[in-house]
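Based on the provided sequences and hints, a complete structural model is requested.
Residue numbers (this note's numbering), protein chains in the order written: chain D, 1 to 294; chain A, 295 to 588; chain H, 589 to 882; chain B, 883 to 1176.
The hints are simulated quantities; they were obtained by calculation from the structure and are not laboratory data.
Ideal Cβ placement from N, Cα and C applies to all residues, glycine included.
Not one of these hints is a red herring.
Straight-line alpha carbon distances no greater than 30 Å define the calculated BS3-like cross-link-like pairs of lysine-lysine that follow:
hint, chain 1, residue 1, chain 2, residue 2
1, B, LYS932, D, LYS106
2, B, LYS911, H, LYS612
3, H, LYS638, B, LYS1164
4, A, LYS318, D, LYS97
5, B, LYS1164, B, LYS979
So these bits of chain D aren't anywhere near chain A, every CB distance computed over 10 Å:
hint, residue
6, GLY11
7, VAL54
8, SER67
9, ILE76
10, GLY78
11, SER94
12, LYS106
13, ASP136
14, LEU168
15, MET183
16, SER188
17, GLN236
18, MET260
19, ARG262
Away from chain A, derived, C-beta distances all over 12 Å, residues of chain B:
hint, residue
20, ASP931
21, PHE938
22, GLY947
23, MET969
24, ASN1055
25, THR1116
26, ASP1120
There are 4 protein chains.
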Amino acid sequence: MTMTNMNQQNGVTAILLIHCADRKGIIAKVTSFLNEHNGNIIYLEQHVDKQQNVFFMRVEWQLTGFSIPKEKISTIFGEGIAAEYNMHWRLYFSDQKPRMAVFVSKMSHCLYDILSRYQAGEWQVEIPLVISNHEDLAPVAERFGIPFYLFRKNDENKTETEELELKLLQENNIDFVVLARYMQILSSGFIKAYPDRIINIHHSFLPAFPGAKPYHSAYERGVKIMGATSHYVTEQLDAGPIIAQDVTRISHTDSVNNLMRRGQDLEKIVLSRAVYAHINRKILIYNNRTIVFS
Amino acid sequence: MTMTNMNQQNGVTAILLIHCADRKGIIAKVTSFLNEHNGNIIYLEQHVDKQQNVFFMRVEWQLTGFSIPKEKISTIFGEGIAAEYNMHWRLYFSDQKPRMAVFVSKMSHCLYDILSRYQAGEWQVEIPLVISNHEDLAPVAERFGIPFYLFRKNDENKTETEELELKLLQENNIDFVVLARYMQILSSGFIKAYPDRIINIHHSFLPAFPGAKPYHSAYERGVKIMGATSHYVTEQLDAGPIIAQDVTRISHTDSVNNLMRRGQDLEKIVLSRAVYAHINRKILIYNNRTIVFS
Amino acid sequence: MTMTNMNQQNGVTAILLIHCADRKGIIAKVTSFLNEHNGNIIYLEQHVDKQQNVFFMRVEWQLTGFSIPKEKISTIFGEGIAAEYNMHWRLYFSDQKPRMAVFVSKMSHCLYDILSRYQAGEWQVEIPLVISNHEDLAPVAERFGIPFYLFRKNDENKTETEELELKLLQENNIDFVVLARYMQILSSGFIKAYPDRIINIHHSFLPAFPGAKPYHSAYERGVKIMGATSHYVTEQLDAGPIIAQDVTRISHTDSVNNLMRRGQDLEKIVLSRAVYAHINRKILIYNNRTIVFS
Amino acid sequence: MTMTNMNQQNGVTAILLIHCADRKGIIAKVTSFLNEHNGNIIYLEQHVDKQQNVFFMRVEWQLTGFSIPKEKISTIFGEGIAAEYNMHWRLYFSDQKPRMAVFVSKMSHCLYDILSRYQAGEWQVEIPLVISNHEDLAPVAERFGIPFYLFRKNDENKTETEELELKLLQENNIDFVVLARYMQILSSGFIKAYPDRIINIHHSFLPAFPGAKPYHSAYERGVKIMGATSHYVTEQLDAGPIIAQDVTRISHTDSVNNLMRRGQDLEKIVLSRAVYAHINRKILIYNNRTIVFS
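Following this line, the structure appears as structure tokens:
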């Protein structure tokens, strides 16, 4: 059964992501609210961070039969329970496909992985465009019929080029950005335009080996396991909230070239896992850490 | 902070394990019940098996401040919500340490792992005795001051010997049994005396290589990864509900001896993980599968 | 540095794969032979299976400066050392790209993974064609400019259709076949035409869950880890020599659909690892087991 | 079969560890030398670091039948091939058990793991003593009949106390030291007395989270995988050559306490793997990196 089928099976669902100071009775309150309005919960996961005393929740229910009209849920929940508990919250509907832009440079493995999942219908997402600072991957985007935009950047034109990029993203109603081995550091201004909505893949097991040439550093240090990390981009380089990580065992027999080759498999899988979690509204961010529900 | 400290910090807690047919409003009902009686929930996890339409839940709350007296919770919950939803449920209290018997044969690694955790206070458990069909490990039990009982078994005396073992377990109020590389097959009668309360470690990645000599079979088959599996014992050999599994990468360079040596590390860690989950009432069993809450 | 660059750096190399009964002095003999003819060894790995008393070796050396002409190596080695030690051996040259056919059915993830690596130049291989029993993936092959051949098979036309497939493979000088989630069982006749040269991906951790619907079986059995296995195809279903395996941790929260979705990542990565090892002549087969050098 | 049995089976073996600048013909030279003196090689592994142009080799052969007397091998090899190729090399014999000292503080899990392996005969080693800066683990050592020495250290008496420790190590002919969660930084003088012969376990995936409180740091950073690292101690804290690493997946549900509890399993297994490799002379060190043969 594909994701599309599953969606059809459950009909349209609403997804509520919540966090707030932990207090007695929150779960009872939220679930009773859904219950009273005849909402059939198909997924509920909650977490309490006891060190910070914060409550986190993701609840998903079917709209069919729910007695509050879709367009009024936000107001009723927001002015009621959310206000009472001083919640940070977001409401999504499963029939709204988020729109994603992919930024690339010269390496194709992550882009191929993303576009082949997209083409196979694995993700409930729209990808209206690919942006690059090099022309190398134009043929790849073309192969999948995705518009490709080239923005050559250098130190002198960075600010104005990023403005053009942001304009293009806004024209295309882009919800979030995926840096699929994009080898440029985004300015603070760009990052602020998409807070918690730019996903990067870094080719090391962060916080080990941030910055440039992590495979060379891993080789030099002689680690016995290497990794890849997908995280939200913040202004501090390679220090944003981690979404997904994976590792693989290496040894003295692996040259730097071999680490690069083997690392590409980690990179593309880890990035795609992070994108999947983001698309499916599985992620909450608090204090530079993520809660990724299952 | 040790587990003991954590226990003291939260005071005595009650743990409720529930499963029943899935219906709207169960979570709201249970959490409202605890809330109304001023129960501070410190842990809640639930799962819905949509294929079988079964609801599972584990909820843990502090007894301090809870308005129902400890000795009445069972009756009030049982005759109220549990009856209404036709629940299968169990109630535990964190100040009741389960009592565990360890069965061993000749290999010491799992026994050492268990007893060293016990001695270090890692587990909230009592281990009143070790039982074996060989005398080899008597000195190990002695080292930790645990009584060691030798029951030599053979095909002729199996039934009567098992009866003596069961009598000893009952005299010691044993709650559950851990087979720590016990190389004897228990009879159906013995298993029925401890349903879902005998934990075994099998030295393969089940269902691959059940039965005798799994390391030899793994070598013969040329697998590239080997594993260990901890499961509840049922009458069908090596086919009970799986609690925990782990694996490690192997290669053509590993001889059978090497698989055995390396496998021992998997065995002891996987068995101890399963025992930890059992002691902490994290496990629900349904249809020969486990739900192991985090 | 890409694989192509590495190849250029070392120039053309010769690769010798050997196995024979273990005897004293084989390594000295082979390495002295290469040394005497001024062969610069860039890679040597050997293994002795002590249980079966078999010696295995892979040695790779630069042809530049080697005093035996490329076309005579085979004769001189074969009539000399190989005859003396009664070796099974194969000689390859790095400038001969093996020719690979890909068989697919309806699922695209493995095909995309293979073709994107091929297009990116990651593999020293030629892929002249894709064969399928369904038309679904024709557009994928087309996207990469690879000829796509449709052979609809059923129980009645299987023999004659396989003959047509074999004819096509021979016309295209195909060296080995990759079954990239090809959902048809090949006949004994077909397998005999490509002994030890058909690579399959099975979507379970073999020998667990051979045959049809392994994800359903894994779900039913309640395993806590699932896997994928790439192996050479032999006449016994899912029982051929294992080349590569990988696993991922699962839990009660994973539905069958989720196992399928997550399993696809394992499948494509494991299959591609096996293909890479095959292309690079890293694999020896003995007694239904593989030696895969690093 | 135990390690002891294996040893008896092969009789006494000699082990040669070599590294030198890479040149043509080294393998042929060494293997021919052993061959000419009728040495039956039971294990050979070599590695060439092409970036640094260094050759590494471990070769093990049976002394039974070897035509050079045991006590003359060192001279003959050293003045012959080793001198010719300007090798760094060491010669060991399997009947010499290395003598190991264990340093501990308050946590018992690594000590128990080490002593239970020792008692079970898993390692070919002697452990004449345990040293600690706290009295807490004296009963553990006592349980295994190992002498326990308490050296209370503080900033004022550090130098003289270390001198007493070194004296004790020398009196006991200690070959190498294992820091089994020893929570004191050794002085440069102590480290120099046992160069490349002090093995530490650090409770993080180095180079991530060096220094104090790595579990707290891992929690703060929100990593999705945590690890443990065993390495040789050098004067730079937590920066010595890495011998072994392992990792485990964690999530937002893991409190710092949980990381500590789960991390202990990683620590003890990783430390014991490193000790095993060291005891079996599997490790070569070059440029702050290890070659760990299989």
